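*Asks:* Below, each chain spelled out in residue letters.
Protein chains: 2
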Amino acid sequence: MKRIAFTLVAVGALGGAGALMVPASGQGDREAAPIYGITIPVGYRDWRLISVNHLAGGTLKQVRAQLGNDIAIEAFRTGKLPFPDGTIIAALHWNEASSDESNKVLASGFPSAGLQSFVAGSAVNVQFMVKDGKKYAATGGWGFADFTSGKPGDETLHKTCYACHLPAKDRDFVFARYAP
Amino acid sequence: MKRIAFTLVAVGALGGAGALMVPASGQGDREAAPIYGITIPVGYRDWRLISVNHLAGGTLKQVRAQLGNDIAIEAFRTGKLPFPDGTIIAALHWNEASSDESNKVLASGFPSAGLQSFVAGSAVNVQFMVKDGKKYAATGGWGFADFTSGKPGDETLHKTCYACHLPAKDRDFVFARYAP
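Chains as they are written, first to last, in my numbering: chain A, 1 to 180; chain B, 1 to 180.
Think of the hints as simulated: they come from the structure by calculation, not from any bench. Keep in mind the model is a prediction, meaning the values are calculated, not measured. A couple of the hints might just be wrong.
Which copy is meant is left open, so a pair is good if it fits within one copy or across any two.
[Said to hold, decoys possible] In silico SDA-like cross-links for lysine to any residue, where the CA-CA straight-line distance does not exceed 20 Å:
id, residue 1, residue 2
1, Lys159, Gly109
2, Lys61, Ala97
3, Lys61, Pro180
4, Lys169, Gly114
Given these sequences and hints, build the entire structure.
*Replies:* Here's what the structure looks like:
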């Protein structure tokens, strides 16, 4: 019982440390995104991984990760659709960068010829989808927010979010699938 | 105070639920990797994100994520080198797959022309680096393990791990850098 209590305290303490690393520390400092009124969720960088992807073929070369709060992760793992109220999905986008150290290994031809590794470089933006069936009824139950360097994008940008997610309507407007 | 206590219990309960989802449920079921004797750490899929990358240019097309246990994440965030004993880094590798839903949006030319999204498809393998300065003194303090579908690779494969990580010697043999 003593060990259980210790574990809980330790997890709590670590969660707190993570939350302190969010650039905007206080609720009052954080600017809400237009239309949906969403602020950057405290501690989102500590959330668990949903999946990763990268963009190629155009001028944007990005590596990306999607993280989910506990409600999101449970819904993904159990295949629950639509996602329940309280779900928040964070999409982190970085410029892709080359990795000298990795490429030194890959240049040797191991594990196969011609490979290069592209890693996460500077942050581009962070996007959030927040599920609230009542509040966001007009947009499939989702609120959307896009932040660059902690600052929300403008209203014009936020007007594109829902339309952009329509092709994923069969999966409750969510593109990301849980990676095994 | 009541609220704090509730939060700690909730985090503890969720951590437990996550651990139950690891495919190999019992310590006894899990086969250790050769040379280093490392088994798949229970609950690693719940660990926090270090960074992501992808491989391109050759026959292997993969998207990848690196997750860290609490000791690893704290070391990355504070820039602590060498990594302390107890650090575990997990590298998850997936075959890259195309995303029909994402590509429908990108085909419209938004947000810029010619883009395609490549997402995590089937799992390829999962690798672990475990820091134990005494136990693994001969290999920079790190033990290495590689698993495919829950089964460890052979001794020949595991003999390549340390040599492969030598180019990252200045960062304690760790390729991954923490993504902002």
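*Asks:* Are there hints from earlier that the structure breaks, and if so, what are their numbers?
*Replies:* Hint 4 contradicted; others consistent.
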